[in-house]
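J.: Listed here are the chains, written in short residue letters.
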Amino acid sequence: MKPILVAAALSLLLLTGCWDNKDINHRALPIAMGIGYKNGDYTVYLDIPKVSASEKGIEVYSEHGKSINEAIDLISMNLESQVDLLHLKVIVVDKPFALHGLEEGIASIIRSRYIAPKTVFVICDQPLDRFFKRIDDSSNDGKSIYDFFQKDAGWSPQIAFTQVWKIFRSVHSYTNDVVLPIIKAGDTTILESTGSAIMKNGVMVGRLTNEQTLLYNVFNGDNLMGKIEVMNHATVQIVSNRLRCRGRFQQGKPILKSTLYLKVIIVDTTGNPSTEKIKTELKILVTDRFNEIFKIVRRDKADIFGLGQHFRDDFSRKELSQWREKYLPQLQIELDVKTVVRNTGNLKSP
Amino acid sequence: MTNSFNVTLAYIITHIGLIFFIYPTDVIESTSQSHWMPVVTAFIFHLVIVFTYLKGLSYFEGRNLVMIMTNRHPLLAWLTLLPVLLYLLDVIILMVRANAEIISIVCLANTPLWMLMLLMLLIPGYMVIRGNVKSLLRLALLISFLFALPCLFVISASFQNIDWRYVLPLIPRREAFNYLAHPSFYKSLFAFTGVFLLLGYFPSFAKVKMKSIFLGGLVLLPMYLISVYVPILTLGEETALQLQYPYIFAVDTLEIDWLMFDRVTVFLLMSLIAFGLLFIGFTIWQIMYTIKYSFKKWNSTLIVLIVLLIVYTVCLCIPDWQLVDQFLQWNTFLRIYISIVTPSIIFVLGLIHHSKVNRELNSI
Numbered sequence: 001m002k003p004i005l006v007a008a009a010l011s012l013l014l015l016t017g018c019w020d021n022k023d024i025n026h027r028a029l030p031i032a033m034g035i036g037y038k039n040g041d042y043t044v045y046l047d048i049p050k051v052s053a054s055e056k057g058i059e060v061y062s063e064h065g066k067s068i069n070e071a072i073d074l075i076s077m078n079l080e081s082q083v084d085l086l087h088l089k090v091i092v093v094d095k096p097f098a099l100h101g102l103e104e105g106i107a108s109i110i111r112s113r114y115i116a117p118k119t120v121f122v123i124c125d126q127p128l129d130r131f132f133k134r135i136d137d138s139s140n141d142g143k144s145i146y147d148f149f150q151k152d153a154g155w156s157p158q159i160a161f162t163q164v165w166k167i168f169r170s171v172h173s174y175t176n177d178v179v180l181p182i183i184k185a186g187d188t189t190i191l192e193s194t195g196s197a198i199m200k201n202g203v204m205v206g207r208l209t210n211e212q213t214l215l216y217n218v219f220n221g222d223n224l225m226g227k228i229e230v231m232n233h234a235t236v237q238i239v240s241n242r243l244r245c246r247g248r249f250q251q252g253k254p255i256l257k258s259t260l261y262l263k264v265i266i267v268d269t270t271g272n273p274s275t276e277k278i279k280t281e282l283k284i285l286v287t288d289r290f291n292e293i294f295k296i297v298r299r300d301k302a303d304i305f306g307l308g309q310h311f312r313d314d315f316s317r318k319e320l321s322q323w324r325e326k327y328l329p330q331l332q333i334e335l336d337v338k339t340v341v342r343n344t345g346n347l348k349s350p
Numbered sequence: 001m002t003n004s005f006n007v008t009l010a011y012i013i014t015h016i017g018l019i020f021f022i023y024p025t026d027v028i029e030s031t032s033q034s035h036w037m038p039v040v041t042a043f044i045f046h047l048v049i050v051f052t053y054l055k056g057l058s059y060f061e062g063r064n065l066v067m068i069m070t071n072r073h074p075l076l077a078w079l080t081l082l083p084v085l086l087y088l089l090d091v092i093i094l095m096v097r098a099n100a101e102i103i104s105i106v107c108l109a110n111t112p113l114w115m116l117m118l119l120m121l122l123i124p125g126y127m128v129i130r131g132n133v134k135s136l137l138r139l140a141l142l143i144s145f146l147f148a149l150p151c152l153f154v155i156s157a158s159f160q161n162i163d164w165r166y167v168l169p170l171i172p173r174r175e176a177f178n179y180l181a182h183p184s185f186y187k188s189l190f191a192f193t194g195v196f197l198l199l200g201y202f203p204s205f206a207k208v209k210m211k212s213i214f215l216g217g218l219v220l221l222p223m224y225l226i227s228v229y230v231p232i233l234t235l236g237e238e239t240a241l242q243l244q245y246p247y248i249f250a251v252d253t254l255e256i257d258w259l260m261f262d263r264v265t266v267f268l269l270m271s272l273i274a275f276g277l278l279f280i281g282f283t284i285w286q287i288m289y290t291i292k293y294s295f296k297k298w299n300s301t302l303i304v305l306i307v308l309l310i311v312y313t314v315c316l317c318i319p320d321w322q323l324v325d326q327f328l329q330w331n332t333f334l335r336i337y338i339s340i341v342t343p344s345i346i347f348v349l350g351l352i353h354h355s356k357v358n359r360e361l362n363s364i
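So the sequence lines, in the order shown, correspond to chains E and C.
For the first sequence, UniProt numbering gives the first residue as 1, with consecutive numbering after it.
For the second sequence, UniProt numbering gives the first residue as 1, with consecutive numbering after it.
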């Protein structure tokens, strides 16, 4: 009886689960990480906020290495505290890396588990050293890049929002590709969105503009309060959107019948357009813009909408694996837009 | 007599402790489409063996597996109990080694493995030494009370990122039946055969109702399906195939805007480890009971300590994950043996016993 009690009490001390623990003041917790790529060489930038009460702002460290992990290790080695990537929120990569392909970088992130799979991935339109210098110089608390991509903070619907695990899925999946936001240091604001990149199997193959990205987000079912301009006559705000798709085969060609249901609020009008007119104009605008994007999708053979998902039942595994190359370029889409104008704001409808 | 509710609860949560780590990996490996088929096939197999086993036991009214076997011909007893013992020992070794590895991968990267394995053995060992099976059954109630809620919360939250269209094609094509020839399918059976033997040890201590066990099975089927389908629906088959622990990864992708739930995986892991500890406790108790009442009447504490020592030594001797996987593969023969032969023997013995009793009753 007694020895067991003693053993139990001892195990309380021994089995606390803390082992070689480093206290939080000995850890460096980066918010953002930059990864540059040049001829097989990686440059890693870490954006670490200063945590002492006297100084504010951020510190940016950088190091080169043959792999991402090596570069991080070098920073950790030269830093007085240990780099802990657990709370990393944003990864910024430069364009050469995106064009080369993110596959290996993503695989090493997923494998090592140091970085959470829900970290947001971003492409930078300018060299990373200049980008991080701008962030470093601007006198803020270093959280701007984090807030920019927070859905409950500075994120807006014209910006793509893609986490690491989605890119990982895009690398391996037969029918799902992603778009990544592209940013650069802004002139008046700290960051500026310059559209988004179409990633096919983790390689950047094309671009979308900000307006196209908004529509992409609408199609992907992200519920957003984005604004769309309708021709010259009105501005509407989309308050709810829903997409229904049905795929079928006709003479060996895939056809997708899609209906987009939009609920909008009128924000602004010029002249006195009738509600009907606004609806038809919205329909034309959305369809045109969609066709534009879809043309890019077909050209790049990158299934950013996950359209192949609607044909899963029609293909065998082997045929499905050829979806992007063989069937996507043949795909016909019949898009119908159904709009409800929910209200016209504080003024009566014209 | 302990309530049959506790028995069912123990049956459910010990299974849940087994399901979510390695099981989805094996099922996803075993076929490339219609993943519900290997799950449902194995589940029906499970129901059949549980039915045979319980039916056989019910003829003996309140006697457990060991009591039944010790009255028989020694050869028959050896043929039944020795594989059971070996299998249970094997199960603990795998469970301790695998769980320690998972804890190390998910949250305690700096803690050495020997410490984690010691933890995984000392707690269940203490449970068994301090109490008997009745206290273990009560513990099942306590553990479900503490951990079922966080576990269910994470499981329901894990549907956040799914895309239902990944479920298609549901209707199997001809090549979908290939899983029956795939070794991974037989490996995945471990999640169905690990616990059922335990039910045979209960009758002398607690009521085992066939109906409530089957109701418990109904709770388990969705769990099996969720553990396989959530990663597939989130990531797609081709991607899920790349991952060592698909379900844990799918939970890692969840975004809940509340700092406490930033890493919701830890909640799931803690609950599952608690269930796993209970499972290990039950298994150690089974081994102790079998040895004590069929081989030698040693002190139970001594037997438990010896078992812990053996398990711990073997666990320390397994250097890498590859070997754990190999172990699981070799284990297949033993698994199939105990899941087919043991219930059948019990069933046949039960029938013979039943007719004998009937004859005696008639002759009076």
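Keep in mind the hints are simulated off the structure, nothing from the lab.
Since we're looking at a predicted model, the values are computed, not measured.
Treat each hint with caution, since some may be false.
Said to hold, decoys possible - In silico SDA-like cross-links for lysine to any residue, where the CA-CA straight-line distance does not exceed 25 Å:
#1 Lys297(C) / Tyr126(C)
#2 Lys2(E) / Glu238(C)
#3 Lys151(E) / Pro169(C)
#4 Lys253(E) / Thr280(E)
#5 Lys118(E) / Pro169(C)
#6 Lys326(E) / Asn110(C)
#7 Lys118(E) / Arg130(C)
#8 Lys257(E) / Trp164(C)
#9 Lys151(E) / Ile31(E)
#10 Lys326(E) / Lys297(C)
#11 Lys318(E) / Cys107(C)
#12 Lys257(E) / Trp298(C)
#13 Lys151(E) / Arg130(C)
#14 Lys118(E) / Cys107(C)
J.: Identify every previously stated hint that the structure contradicts and give their numbers, smallest first.
T.: Hints 2, 3, 4, 5, 6, 7, 10, 11, 12, 13 contradicted; others consistent.
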